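Asker: Given next are the chains, with one letter for each unit.
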Amino acid sequence: MIPPQFEYYAPSSVDEAVALLRRFDGEAKVLAGGHSLIPLMKLRLAEPKALVDINRIPNLAYLREEDGYLWIGATTRTGDLLDSALLRKSYPILTDAAQEIADPLVRNLGTVGGNVCHGDPGNDLPACMLALGAVLSVAGPAGPREIAAAEFYRDTFVTALEPTEILTEVRIPKARSHQGNAYQKIEKRVGDFAIAGAAANLVVDAAGRVETAGIALTGVGPTVVHATAAAAALVGEVPSETHLANAARLAETATDPSGDLRGPVAYKRAMAGVLARRALERALARAKGGS
Amino acid sequence: MSAPVPGVKGGIGQPILRKEDARFVRGKGSYIDDFKFPGMLYLDIARSPYAHAKITSIRTDRALKVPGVLAVITGKDLEAAGLAWMPTLMSDKQMVLPTDTVMYQAQEVVAVVADSRYAAADGAAAVEVDYEPLPVVTDPFKAIEPGAPVIRTDRKEPSNHIWHWETGDRAATDRAFATAPVSVAQDLYIPRIHVSSMETCGCIAQMDPVSGRFTLWMTTQAPHAIRTVFALVTGLPEQNIRVISPDIGGGFGGKVPVYPGYVLASVASIKTGRPVKWIEDRSENLQADSFARDYHIHAEVAAERDGTVTALRVKTLADHGYTDAAANPSKFPAGLFHIITGSYPFAKAFVEVDAAYTNKPPGGIAYRCSFRVTEAVYTIERMMDILAHRLRVDPAELRLKNFIPPEAFPYRSALGWTYDSGNYGAALAKAMEIIDYAGLRREQAEKRRKGELMGIGISSFTEIVGAGPSATFDILGIKMFDSAEVRIHPTGKVLARFGTKSQGQGHETTYAQILAEELGIPADDIRVEEGDTDTAPYGLGTYASRSTPTAGAAAAVAARKIREKGRRIAAHLLEVSPDDVEWKDFAFRVKGVPTKSKTMQEVAFAAYTNHPAGVEAGLEAVDYYDPPNMTYPFGSYICVVDIDTETGQVKVRRFVAVDDCGTIINPMIVDGQIHGGLTMGFAPALLEEIQYDENGNVHGGSFMDYLVPTAVETPNWETAKTVTPSPHHPLGAKGVGESATVGAPPAIVNAVVDALQPYGVEHIDIPIHPWKVWQILHTKRGPAP
Amino acid sequence: MATSARPVAPAAAVTTAGAPISRIQVTVNGQPVVAEVEPRTLLVHFLREVLGLTGTHIGCDTSHCGACTVHLDGKPVKSCTVLAVQASGRQVRTVEGLEVDGKLSPVQEAFIEAHGLQCGFCTPGMMMTATALLARNPNPTDAETRDAIRGNLCRCTGYVNIVKAIRLAGQKMQSASSAPGGKP
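Protein chains in written order, with this note's numbering: chain E, 2 to 292; chain A, 16 to 800; chain B, 17 to 200.
One or more hints might be untrue.
[What the hints assert, rightly or not] Where chain B lies over chain E, by a calculated footprint (3+ residues, C-beta under 8 angstroms):
no., segment
1, 3–15
2, 27–40
3, 45–59
4, 92–105
[Unchecked claim] Below 30 angstroms or equal to it, Euclidean Cα-Cα: the simulated BS3-like pairs (lysine-lysine) are:
no., chain 1, residue 1, chain 2, residue 2
5, A, Lys34, E, Lys289
6, B, Lys180, A, Lys51
7, B, Lys91, B, Lys119
The hints are simulated quantities; they were obtained by calculation from the structure and are not laboratory data.
Note that the structure is predicted; figures quoted are calculated from it, not measured.
Using N, Cα and C, we set each Cβ at its ideal position, and we do this for glycine too.
Next up, chain E with everything else stripped away, as it sits in the complex (with noise of 0.2 angstroms):
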């Protein structure tokens, strides 16, 4: 499988690869990790005029933590995420997530930002960011905009992102004592899109009554799922295990799976239902300082 012809740029800058993107007004894409972008050039299914390669833009590959926030850098490899101890410790919801990215190989070049902003329900990251009510920094001919996570993802490979922007970084707002996360994801085979993944972020007071709540979904619409009712009915409760079957349902009933080679309809709705309990459970243990 071969790639159609394309002209390359390798912009050194942000300001630089918006300006190609805007010359060849929605006929180039970007190009970062390249793991889905050039599998679909080789089926022929995209075939862009041109690309605009981004790894070679100093300062896009960053992991920090400051001004209360968690910044991530969009050029930052997703193996990356697995290896960041700030993570594990303090956001260990995009740890976990990391781990079910593929494989370590195809995570030693895909991006954060290419999974974020590809619109692939079946990407992990975005059901993440919902859940930790991330927002998204992004570059245009018009300058610079932020984009809640919350109103990225239309549908199906459709984001708020214009052909002639790029996203640039992403922030999460800086873990909190008493704040427990976690990703959870069943797969037919490991690599393999997800039959179903749930993310849940959880911040408890000292009582262990919920403050905020995140939940989302991976792979049971045409875009990431973003539970809200599930995650509304658990703040102000000290949850118990009914609170979480309760927001596990509701989670459920967000869905709108389709039937394929990964499991009918119903099932994929069960099992969004049992991952979203599962990660709130795992969060919620998190949130108690428990692992």
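Given the structure of chain E, go ahead and fit chains A and B onto it with the hints provided.
Answerer: Using the frame of chain E, we list chains A and B on its own:
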């Protein structure tokens, strides 16, 4: 005078390291895509998006304008040369390229030849074809209904029914069922799967227009047969055809058939006078190359009330795609499916198989198994569990009660096979002991009380490999012997060539060990070659676990011919009569005076420097081995699974495989074969399948959807052996490569079904996806509270 | 080993007439290489067809099988899903770079000794992944080893002996580094 030799380095039974590994670990293997010749062109193929359609027009002008594209080939071009169709190995015919109708999705339509791989791909993408879709038939049951759209309008018979085949005594079997106190019946579907060797298929064809010499480097498991087929199809003189099968990156049966790409590259080379390379990509490999299985089976077992089995009746519909391109021996269109009585002495049995055309790619080849034996073993081993369930007896107990006893061998089965040797009870007892079967049953009972699901599954399979005796076994009329040619050079070093072709099995090592043992020459001094039809003796190739039973036997017999000649030379050197010399303890020795001896190396030197009068110079022999019978490896496997009651996910906790392949040549290699075979049994049981929707669109056409197991879910296989030599093989050896692929699936399915016993389940079709288990957990009535 | 840049002519096998061309400079197995390639040239084709390093294989085209695994700046990646231009200015190591001064690497030795290969097609990629794993974790558990090679498919071995081989290689490396005169 030579000292007595206690053993020979690298002889039979030693776990010596493999000779072939030196090149492979350095990245210096020579696989087909590694070859590059001056002036070489590249061929790519435009394929059909439709499963069934009339071609209304083909436009190649855009393709021909792509820089680097030199030529295109269409079905009409081939038709003019009489090559639009070619024969299959089952005497059906298949299209090289269609002239008017495509019959499966991804079928080859136009070939594009260019001066680079990239230009050829661009050219193929620029080919424009207009189609007029035709009604698609993907369900073989619907395909053979009256009024179904006929796929193969080229045939005289206006039907999608290909053939009916039956064996056994129908009337006696029916009578046995009519009076049987107990009988069980079950529908079993074994879906399409694909061997997916890590290397796809490909070739380089080179016609030398001056000499008329045609060389074909090709990923083939059977180079000699290919040479003959090419000679017959193309009319090229066979002495001018040379087929070279280089290092092969896995075959498993998928590299036995002739695919259109091979023919197209050959035609392109003949047309251009330049070498032409064709390498398929993974999607082409999965979507268009031969599949395996696709058997819809209805099986019934009759038994006495005490569980003694009496009769077996099986009716099967085989989905062959648009042509029967299976690779079975000519007399057996359903392969060796009639080994289906398995390890049990059924007094009566009857099997019938009907084959149907559908709008799918052709095949019905193996998937690391001998001619439909997997289908047979799966059926009988599932049915034994269903019978055990119905009678409420332990499946191990039912098997032990019914096994053909060791003293009954050679055993003649109701369907006509003569099993050479077996000790089935010993293998099962060993597996039960290793895994602590009784302990597992206790644990299971405990878990069931707690609502946890754990299952234990057994498979006690009997294989049939080593095709085969010339009276019954041929492919397109060519008898299924195999061959060895052994030359001992003056310095006592050996060059040996074989008609088989290794694809990872380690022939270079195993054959050297056989010869080391038989000739008393260290394995390190023996060089093994295969795969070049100019140099190797004629043989039918490597598939169906036939290499050790046939070519391995040929090696032993050729070595013994050399020993016979050597005895006369040794007598000359020892100045005694040949009758006074015997081969003993790896040397020629004077009878009664064992210290008076000559080594094979000494004899070899003499064969070229000092051979006696009346004896030809040189020391070599050829043997074409026609096996007197098949070999019947067997084994017992026990699998333990745990099931997640919420998600339906199945985890194989332990898997113990006790195999008996007779005499073991290299225990390290045999274990490696079993590990691999088990994994290719695990894969279809839980993961792999190729599905088609009602429009004939393929699902599972790339590694995105076709789920080859990774190291994570593959169990940590535990292996053990019993040794029951074959009485008719010169070394007592049986084949082994495929035993585990054949034996593993029912053990896994039996374990899952066993876990779900509280839900009253008797069968789940493979692959057992988590959703199938979940559906049972959520629709069937669970265990009583 | 030569250290000066070795210019390489554009290879017909992977270059289409009239296509855009990029000039790249890659260090492959320690040797700098300069070449002109089409931007769409995949790294695996550059290695195999331009440099003749055919030990890196192609098994699936969709970044699932890992037969094409090479090291890019020390990290294992699937070279069928990397453009050659992306490797410009970087270090690439292939299976041909494992053997140093005629001595097999511990991973190569262990794959032979533990029968970690059969047809050999996945082996180079598998060994590149194993080499990178052991550089980070010379004593991986069975589960860690299996997880590390989850992106490398093998159809022959059932993985048992590959896992054994990798763990054996780890032991070899540890005993070599602790032995007197061994590598630090």
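Asker: Hint by hint, say whether it matches the structure.
Answerer: Evaluated hints:
no.	hint	in the structure
1	3–15	holds (count 8)
2	27–40	holds (count 5)
3	45–59	holds (count 3)
4	92–105	holds (count 3)
5	A:Lys34 / E:Lys289	violated, 58 angstroms
6	B:Lys180 / A:Lys51	violated, 35 angstroms
7	B:Lys91 / B:Lys119	holds, 22 angstroms
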